[in-house]
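Enquirer: Chain by chain, the residues:
Protein chains: 2
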Amino acid sequence: MAYLIVTYDIGEDRVNKVRKILKKYFTWVQNSVFEGDITEGKLMKCRLELEQVINKEEDSIYFYSLENRLNYRKTVMGVEKELTGNIL
Amino acid sequence: MAYLIVTYDIGEDRVNKVRKILKKYFTWVQNSVFEGDITEGKLMKCRLELEQVINKEEDSIYFYSLENRLNYRKTVMGVEKELTGNIL
Chain V
1 MAYLIVTYDI GEDRVNKVRK ILKKYFTWVQ NSVFEGDITE GKLMKCRLEL EQVINKEEDS
61 IYFYSLENRL NYRKTVMGVE KELTGNIL
Chain H
1 MAYLIVTYDI GEDRVNKVRK ILKKYFTWVQ NSVFEGDITE GKLMKCRLEL EQVINKEEDS
61 IYFYSLENRL NYRKTVMGVE KELTGNIL
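Chains as they are written, first to last, in this note's numbering: chain V, 1 to 88; chain H, 1 to 88.
Derived from the structure by calculation, the hints contain no laboratory data.
Among the hints, erroneous ones may be present.
Identical chains share a label here; the pair holds if one copy fits it or two copies do between them.
Listed next, the in silico SDA-like pairs over lysine to any residue satisfying Cα-Cα at most 20 Å (straight line) [said to hold, decoys possible]:
id	residue 1	residue 2
1	Lys42	Glu82
2	Lys81	Arg47
3	Lys17	Lys74
4	Lys74	Glu58
5	Lys24	Glu57
6	Lys20	Glu67
7	Lys56	Glu80
8	Lys81	Met44
9	Lys81	Val18
10	Lys23	Glu57
11	Lys56	Thr27
12	Lys81	Asn31
13	Lys42	Asn31
14	Lys42	Lys81
15	Lys23	Asn71
16	Lys56	Asp9
Because the structure is a prediction, the values reported are computed rather than measured.
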C-alpha cells in the first residue's frame with residue numbers, strides 16, 4: 001500500500017478516458033491531479049488500463065509515490081477542490 | 001529547506017502570471033506541475049506574489065511539501081517533460 005499523487009497532461013481527445021480510469025482508483029482533487037491510497041496490484045491494473053489509452057509520444061502521467069499520507073504536508077491556496085462527484 | 005510539488009488550476013487570464021511567478025522558484029515539469037527545493041523564506045515570498053495574482057474564489061494551488069526529495073518515488077508514463085526553458 002502506498003499513497004500516490006498522480007498528475008497528468010493528456011491530449012484533449014484522450015483526457016476524458018484517462019480521467020475515467022483514474023477515478024476508479026483515486027480521488028480527483030484538482031483539474032489535473034488525483035490522490036489516494038492504492039495497493040501495488042491495483043496500481044499495476046490502473047497502469048495497464050492507462051497504457052491502452054494514452055499516446056506515449058505526447059501524453060504525460062506522473063506517479064508520485066509516498067510511503068503513506070503522513071509523509072507530506074499539503075497546503076492549499078485558493079479553492080480546495082473535490083471533483084470526484086462531477087460527471088465527466 | 002523542503003522539496004515541494006506544486007500543482008495548480010488557474011483561470012485562463014491569470015495562468016501565465018502564475019506560471020511566471022512559479023518559474024522563479026521551481027522547475028516546470030508538467031503543464032500544471034512544478035517541483036523543487038525551496039527555503040521557508042523563499043516559499044513565503046512566492047506565496048505572497050501568488051496571492052496578488054490569483055482569484056481565491058476560483059483558482060486553486062496545492063503545495064505538497066516533502067521533507068526532501070528522497071521521500072517519494074516518481075514514475076513517469078509517456079513523456080517526461082521539462083518545460084522551464086519554454087517561453088511563456
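Enquirer: It remains to establish, for every hint, whether it holds in the given structure.
Expert: Okay, the hints, checked on the actual structure:
1. Within a single copy, Lys42 and Glu82 get their C-alpha atoms no closer than 22 Å, and across copies no closer than 29 Å, so neither meets the 20 Å cut-off.
2. Proximity of Lys81 to Arg47 under the C-alpha cut-off of 20 Å is restricted to the inter-copy arrangement: shortest distance 19 Å between copies versus 24 Å within a copy.
3. Proximity of Lys17 and Lys74 under a CA criterion of 20 Å is satisfied in neither setting, with 28 Å inside one chain copy and 23 Å between copies.
4. In the homo-oligomer, the alpha carbons of Lys74 and Glu58 lie at most 20 Å apart only across protomers (19 Å), although the nearest pairing inside one protomer, at 29 Å, exceeds that limit.
5. In this assembly of identical chains, the alpha carbons of Lys24 and Glu57 never lie at most 20 Å apart, being 25 Å within a copy and 28 Å across copies at closest.
6. In this assembly of identical chains, the alpha carbons of Lys20 and Glu67 never lie at most 20 Å apart, being 25 Å within a copy and 32 Å across copies at closest.
7. In this homomeric assembly, Lys56 and Glu80 come within 20 Å of each other (Cα to Cα) only across copies, at 10 Å, whereas the closest approach inside a single copy is 31 Å.
8. For the identical chains of this complex, Lys81 and Met44 are neighbours neither inside a copy (27 Å) nor across copies (23 Å), given an alpha-carbon limit of 20 Å.
9. For the identical chains of this complex, Lys81 and Val18 are neighbours both inside a copy (19 Å) and across copies (18 Å), given an alpha-carbon limit of 20 Å.
10. Taking the closest pair of Cα atoms, Lys23 and Glu57 never come within 20 Å of each other, the shortest separation being 23 Å inside a single copy and 25 Å across copies.
11. When the C-alpha separation of Lys56 and Thr27 is checked against a cutoff of 20 Å, the pair qualifies neither within a copy, at 24 Å, nor between copies, at 22 Å.
12. In the homo-oligomer, the alpha carbons of Lys81 and Asn31 lie at most 20 Å apart both inside one protomer (9 Å) and across protomers (18 Å), since each shortest distance falls under that limit.
13. Neither within a single protomer nor between protomers do Lys42 and Asn31 lie at most 20 Å apart by alpha-carbon distance, with minima of 22 Å and 26 Å respectively.
14. With identical chains, the CA atoms of Lys42 and Lys81 are never at most 20 Å apart, being 25 Å at best within one copy and 26 Å at best between copies.
15. In this homomeric assembly, Lys23 and Asn71 never come within 20 Å of each other (Cα to Cα): the closest approach is 23 Å inside a single copy and 25 Å across copies.
16. Proximity of Lys56 to Asp9 under the C-alpha cut-off of 20 Å is restricted to the intra-copy arrangement: shortest distance 11 Å within a copy versus 24 Å between copies.
In summary, the numbered hints that this structure violates are 1, 3, 5, 6, 8, 10, 11, 13, 14, 15.
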